[in-house]
Amino acid sequence: MAKIIDGKKMSAEILETVAADVAKFKETHNAVPGLAVVLVGEDPASQVYVRNKVLRVAESGMKSFEYKLAADVSQAELNDLIDELNWNSEVNGILVQLPLPAHLSEDEIINAIEPNKDVDGFHLLNVGALASGKDSLVPCTPQGSMTMLKDVLGDLTGKHAVVIGRSNIVGKPMAALLLQANCTVTIVHSRTPDIAAVCRQADIVVAAVGVPQLVKADWIKPGAAVIDVGINATVVDGVRKLVGDVDFAHVEKVAGAITPVPGGVDFNDYCKFTAKHLKSCIDSNV
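Here the sequence shown is numbered in this note's numbering, starting from -11 and rising by one per residue.
Hints were generated in silico from the structure; no laboratory data involved. Careful: at least some of the hints might be erroneous.
Simulated pairs of lysine-lysine, DSBU-like, Cα-Cα distance not exceeding 35 Å [claimed, not checked]:
hint, residue 1, residue 2
1, K229, K51
2, K(-4), K160
3, K122, K160
4, K204, K160
5, K14, K(-9)
6, K209, K241
7, K147, K209
8, K229, K(-3)
9, K209, K122
10, K229, K122
11, K56, K12
12, K147, K229
13, K122, K(-4)
14, K204, K241
15, K204, K51
16, K56, K(-9)
17, K204, K229
18, K(-4), K229
19, K138, K12
20, K56, K(-3)
Simulated restraints, written as ranges between beta carbons of each label pair [claimed, not checked]:
hint, residue 1, residue 2, range
21, L86, V199, 14 to 22 Å
22, A8, V223, 41 to 49 Å
23, K14, S34, 25 to 33 Å
24, E96, S34, 16 to 24 Å
25, E47, Q168, 25 to 33 Å
26, D(-6), T180, 41 to 49 Å
27, P210, S178, 50 to 58 Å
28, A237, A19, 43 to 51 Å
29, W75, S34, 36 to 44 Å
30, L112, T145, 27 to 35 Å
31, A237, A185, 20 to 28 Å
Using N, Cα and C, we set each Cβ at its ideal position, and we do this for glycine too.
Generate the whole structure from the sequences, applying the supplied hints.
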C-alpha cells in the first residue's frame, strides 16, 4: 500500500513557519504584513475558499483586507480597486478570487496587479520568470505539490514526471517547477494519444485535469508517487462526496506514495501565503 501524503499536517507546519516569520518581521520592522482578498459575486465555492484563506491569514498573525463586490461590478470599478491596493503600503499581497463573472476580463485584472504583490503568481511577469527559471511568485497549488514531492522523495533529479493537464494555473507551472528540480517532464492532455501508456513510464504522476477518477491503477508504475490535484463533487449511491482525478482506492495499492482527496493537495487553499510568498512580498514592498 502507498504511503499517504498528509496535506493537513504539512499545512499546519507551514502555518507555524509563516507565523514565526510574521512575528519576527513585526519585531524587526514594527509592521504587520497584509493580504488583500477580493471576492466578486456570491459563488458558493469561492465564498468558502475566501473564508478559509482569511482565517489562515489571521492564524498566521497577518492583517487581512477583505473586499466583497457585487456580481455586476464594472471592469473600471474593479480596476480602480486593484490600483488602490497596489498603492496601499499596508497591503503586501493581493489575491483576486477566480473565476470572475463573465463580463469581467480575468487577464486584465490579473495583469493590473503589481507583480510583487501577485501572490497567486498569475501575472505575466511572474509566469515568464517561472518559465525562465528565475525567482518569482509561484501559483500555490504547484508549489505545494512540489513541497509534498520533495518531502516524500527527497532529490527529484533524473526522475520522469508526467503532468496530466496543461492549465495555466496548475499544469504549466507544475511542469516548470519539475524542470527546475531536474526532472524529465512530459505534459499530457486531451489530445495526447494513449495517456495511460505515457503515465506508466513515470516515477511521478501529477493529475490536474478535473475528470473524476480518470487515473486508474494500470496507469501507474509500481512505486510511483502520485499527486492528485483534482477536487470533483460526485454522487455515489445517493451520497454526495468529493473525489480526485485519481481512482484512489485502487491506485494506492500500486503507488509508492499518494495524496488523498480531500486532505492532500487541497491544503494549499489553507496556506495561501507560504514562507516564500511572504518573504518575496515583504522584501519587495518594505
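Hints and how they fare:
As the CA atoms of K229 and K51 are separated by approximately 34 Å, the hinted pair is consistent with the 35 Å bound. Proposed proximity of K(-4) and K160 is supported: the alpha carbons are some 25 Å apart, at most 35 Å. Distance check on the hinted pair: K122 and K160 sit about 15 Å apart at the alpha-carbon level, within 35 Å; holds. Between K204 and K160 the alpha-carbon distance is near 23 Å, which keeps this suggested pair within the 35 Å criterion.
For the hint pairing K14 with K(-9), the CA-to-CA distance comes to about 39 Å; that exceeds 35 Å, so the pair is violated. Restraint check: the Cα-Cα separation between K209 and K241 comes to about 11 Å, which is no more than 35 Å; the hinted pair holds. Note on K147 and K209: the hinted pairing holds, with a Cα-Cα distance of about 13 Å set against a maximum of 35 Å. Pair hint K229 plus K(-3) holds up; C-alpha atoms about 22 Å apart against a cutoff of 35 Å.
Of the pairs offered as hints, the one joining K209 and K122 holds, with about 32 Å between alpha carbons and a cut-off of 35 Å not exceeded. Restraint check for K229 and K122: not satisfied, since their Cα atoms lie roughly 40 Å apart, outside the 35 Å limit. Proposed proximity of K56 and K12 is supported: the alpha carbons are some 31 Å apart, at most 35 Å. Under the criterion of a C-alpha separation no larger than 35 Å, the hint pairing K147 with K229 is consistent with the structure, at around 33 Å.
Restraint check: the Cα-Cα separation between K122 and K(-4) comes to about 29 Å, which is no more than 35 Å; the hinted pair holds. Distance check on the hinted pair: K204 and K241 sit about 11 Å apart at the alpha-carbon level, within 35 Å; holds. Under the criterion of a C-alpha separation no larger than 35 Å, the hint pairing K204 with K51 is inconsistent with the structure, at around 43 Å. Of the pairs offered as hints, the one joining K56 and K(-9) is violated, with about 41 Å between alpha carbons and a cut-off of 35 Å exceeded.
Proximity of K204 to K229 is assessed by CA-CA distance (about 19 Å); at most 35 Å being required, the pair is judged to hold. Of the supplied pair hints, the one linking K(-4) and K229 holds, its CA atoms being roughly 19 Å apart against a limit of 35 Å. The hinted pair formed by K138 and K12 meets the criterion: a straight-line CA distance of about 27 Å does not exceed 35 Å. Between K56 and K(-3), the direct Cα distance comes to roughly 31 Å. Compliance with the 35 Å bound is thereby established for this hinted pair.
At roughly 20 Å, the beta-carbon separation of L86 and V199 lies within the given 14 to 22 Å, and the hint holds. Separated by about 43 Å at the C-beta atoms, A8 and V223 satisfy the suggested range of 41 to 49 Å. Between K14 and S34 the beta carbons are some 30 Å apart, a value that agrees with the proposed interval 25 to 33 Å. Checking the proposed 16 to 24 Å range against E96 and S34 shows it holds: the Cβ atoms sit about 19 Å from each other.
Range check, E47 to Q168: about 30 Å between beta-carbon atoms, so the 25 to 33 Å window is met. Between D(-6) and T180 the beta carbon distance is about 31 Å. The supplied range of 41 to 49 Å is therefore violated. In this structure, P210 and S178 break the distance hint of 50 to 58 Å, their C-beta atoms being roughly 27 Å apart. Distance hint check for A237 and A19: the Cβ-Cβ separation is about 49 Å, which falls inside the suggested range of 43 to 51 Å.
As the Cβ distance of W75 to S34 is approximately 26 Å, the hint placing it in 36 to 44 Å is violated. Between L112 and T145 the Cβ separation comes to about 30 Å, which falls inside the hinted range of 27 to 35 Å. Separation of A237 from A185 is about 23 Å and conforms to the stated range, judged on CB atoms against 20 to 28 Å.
The structure shown violates the earlier hints numbered 5, 10, 15, 16, 26, 27 and 29.
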